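Those sequence lines, one after another, are chains Y and S.
Adding 128 to a residue's 1-based position in the first sequence gives its number in our numbering.
Adding 103 to a residue's 1-based position in the second sequence gives its number in our numbering.
It is possible that some hints are incorrect.
Claimed, not checked - If you want a taste of the chain Y side facing chain S, the calculated C-beta under 10 Å gives, among others:
(1) 303
(2) 304
(3) 314
As the list claims (entries may be wrong) - Straight-line Cα separation of at most 35 Å, DSBU-like style, residue types lysine-lysine; simulated pairs:
(4) 236(Y) / 153(S)
(5) 275(Y) / 213(S)
(6) 306(S) / 255(S)
(7) 406(Y) / 301(S)
(8) 301(S) / 153(S)
(9) 337(S) / 158(Y)
Said to hold, decoys possible - Distance windows between CB atoms, simulated:
(10) 341(Y) / 352(S): 24 to 30 Å
(11) 214(S) / 318(Y): 34 to 40 Å
(12) 308(S) / 320(Y): 42 to 48 Å
(13) 320(Y) / 321(S): 38 to 44 Å
(14) 359(S) / 252(Y): 52 to 58 Å
(15) 337(S) / 442(Y): 39 to 45 Å
(16) 352(S) / 288(Y): 34 to 40 Å
(17) 356(Y) / 151(S): 42 to 48 Å
(18) 174(S) / 293(Y): 36 to 42 Å
(19) 123(S) / 342(Y): 37 to 43 Å
(20) 278(S) / 304(Y): 28 to 34 Å
Source of the hints: derived by calculation from the structure; they are not laboratory data.
Predicted model, so just to flag it, every value in this text is computed and none were measured.
Glycine included, C-beta positions come from ideal geometry on N, C-alpha and C.
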Amino acid sequence: MANLIVIAEQRDGALRETTLEAIAGLKSIKQDGDELAVAIVAGDPQAHVQALSVEGVDEVIAVKASDDFQPDQLEAVIAALGQERKPRVIAAAHGVDAWSYIPAAAVKLDSGLATDVMKLALDGDDLVATRAGYAEKVLVDLDFPGKDTVLLTIRGGTFEPAGGSGSPKVTEMNAPETDVATTHEGWQPPADSGGIDIPGSEFIMSIGRGVADEANVEQFLELAESMGATLGCSRPIADNGWLPKARQVGQSGQLAASCKLYVAMGISGSVQHQWGMKHVENIVAVNTDPEASIFSIARYGIVGDMFEIAEELENHF
Amino acid sequence: MKILVPVKQVAALDDEFEMRDDGRDVDEDFFETDLNEFDHYSVEEALLIKEAAGDEPEVVVVTIGNEDTDDALRTALAKGADRGIRVWDDALENADSVTVAKVLAKVVEKEKPDMVFTGAQSADFSSAVTGMALAGILGWPHAAVVNKLDYKPGADRATLHRELEGGLEEIMTVRCPAVLSIQLGINEPRYASLRGIKQAQQKQVDELSLDDLGLDEGSVAPASNVRRMYVPEKGQAELIEGTPAEQAARLAEIIKELRG
Numbered sequence: 129m130a131n132l133i134v135i136a137e138q139r140d141g142a143l144r145e146t147t148l149e150a151i152a153g154l155k156s157i158k159q160d161g162d163e164l165a166v167a168i169v170a171g172d173p174q175a176h177v178q179a180l181s182v183e184g185v186d187e188v189i190a191v192k193a194s195d196d197f198q199p200d201q202l203e204a205v206i207a208a209l210g211q212e213r214k215p216r217v218i219a220a221a222h223g224v225d226a227w228s229y230i231p232a233a234a235v236k237l238d239s240g241l242a243t244d245v246m247k248l249a250l251d252g253d254d255l256v257a258t259r260a261g262y263a264e265k266v267l268v269d270l271d272f273p274g275k276d277t278v279l280l281t282i283r284g285g286t287f288e289p290a291g292g293s294g295s296p297k298v299t300e301m302n303a304p305e306t307d308v309a310t311t312h313e314g315w316q317p318p319a320d321s322g323g324i325d326i327p328g329s330e331f332i333m334s335i336g337r338g339v340a341d342e343a344n345v346e347q348f349l350e351l352a353e354s355m356g357a358t359l360g361c362s363r364p365i366a367d368n369g370w371l372p373k374a375r376q377v378g379q380s381g382q383l384a385a386s387c388k389l390y391v392a393m394g395i396s397g398s399v400q401h402q403w404g405m406k407h408v409e410n411i412v413a414v415n416t417d418p419e420a421s422i423f424s425i426a427r428y429g430i431v432g433d434m435f436e437i438a439e440e441l442e443n444h445f
Numbered sequence: 104m105k106i107l108v109p110v111k112q113v114a115a116l117d118d119e120f121e122m123r124d125d126g127r128d129v130d131e132d133f134f135e136t137d138l139n140e141f142d143h144y145s146v147e148e149a150l151l152i153k154e155a156a157g158d159e160p161e162v163v164v165v166t167i168g169n170e171d172t173d174d175a176l177r178t179a180l181a182k183g184a185d186r187g188i189r190v191w192d193d194a195l196e197n198a199d200s201v202t203v204a205k206v207l208a209k210v211v212e213k214e215k216p217d218m219v220f221t222g223a224q225s226a227d228f229s230s231a232v233t234g235m236a237l238a239g240i241l242g243w244p245h246a247a248v249v250n251k252l253d254y255k256p257g258a259d260r261a262t263l264h265r266e267l268e269g270g271l272e273e274i275m276t277v278r279c280p281a282v283l284s285i286q287l288g289i290n291e292p293r294y295a296s297l298r299g300i301k302q303a304q305q306k307q308v309d310e311l312s313l314d315d316l317g318l319d320e321g322s323v324a325p326a327s328n329v330r331r332m333y334v335p336e337k338g339q340a341e342l343i344e345g346t347p348a349e350q351a352a353r354l355a356e357i358i359k360e361l362r363g
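Pulled out of the complex, with its shape left as it was, chain Y reads as follows:
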């Protein structure tokens, strides 16, 4: 019996890479004798078996359904897996899809639940999941008294994606008959970037809430240009329409994939923003708040006023 189950995620038929991080998360608590299964719900689940046959995976459960994202269908699959297999843990990547179906699945199973988990451990028979609280200022260790099954979502970028190769057995599972209340109508791709290339830029200077007013944005555009940087921004700046969405770095914006130097000015460093840039080797944070979480991932920090620093920087370029 598989006692650890990962729900793989696909979007429009393409496997989501974060699935491999969720597998790695459960591998971190896999004991001798445990079996780790991965369930994939898709139009052609067999097409994903190869990519899911990584080290540590003992079984792939192929559930033929639609490629459309249907939370009701995923919840029914989890309910069936929970009842038939009584797994210890069912986990998915902490992303927008999982937000929709994991909490609903957890209450239907009356399971334990922890989301955005960054560390897992076993303390005797107890599963202990660690997540953040109070806007990342504290950590919380959670356990799940009296719960035979626990549902988890695993934070991206915390576990090295599972790799290597394995030869899991493949089990086919019929999709439970489900009343699906949502209908996929189409996709809206990211707005035209207008030539702004955050993913391709090696040097990015980003501005956040600290810029305070739309009238203050222009000077940072000019400074970025004179330094040879691409100007990026955090979510509120794009939401306000002060800069185009193509400049937004973070989970619902762009990943600074090629960036080698990232100067964050007036950005506190939310998890969603860090998603887009925390991998950058050289991060410089300029912020008036010495407690801002951006300083915990930055290589260099300046506790100071972004406008004063910007004005002085202009003299050097």
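Let chain Y serve as the given structure and place chain S on it in line with the hints.
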């Protein structure tokens, strides 16, 4: 017609906060409380639907919390919500998101709204659980992280966009009534006017106990238990000290060295 909007009073921490004696939470003396940022957007979305339909449906805001959380309700009422509900019982002291969802489900049964809007997550714990757990308990259609919504009161379907990773959006229709979790940026939340703040003091806020909702302590068990809460060891940035001119000069050196 009615839209129910659950809201949360969230806590931010003072710079120099201390843990509670039992080590399972921060001492509440160090809390700075406010209405959850995401809830400004869910309240606004309900008000926009109300106004577009000619002052219909009724917008009811609800929170689970002790009397201190009246502030969050009054903020939502001052923006234009019609009525408030606050549920509290000492048994809810350690409530997690699933517990809150169980209580909200009873409020939904009582109020029979046509739609429920929650924030996509709370600014303090970011669990992103309450709304969709509520949908699971009710067995209602649901969608999370909605950043565009087309819904007319009484319609049997709503069209929405889900904001996905990397700037992609999915266009989806959902059967109504539904529970939707609302993302930042879906609208521009209004500020309460002075008149609105004054009027909010006169608006009705029903205070309910677990008993009023037919719940007992045993039926609100959380889905997780806090073992301990602690301050993480953080990475430490190398601080560049000096006057702004000196700091900027060093930053310029770093930039010139690293940008290649």
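Hints that the structure is at odds with (numbers, increasing):
Structure breaks hints 1, 2, 7, 13, 15, 18, 20.
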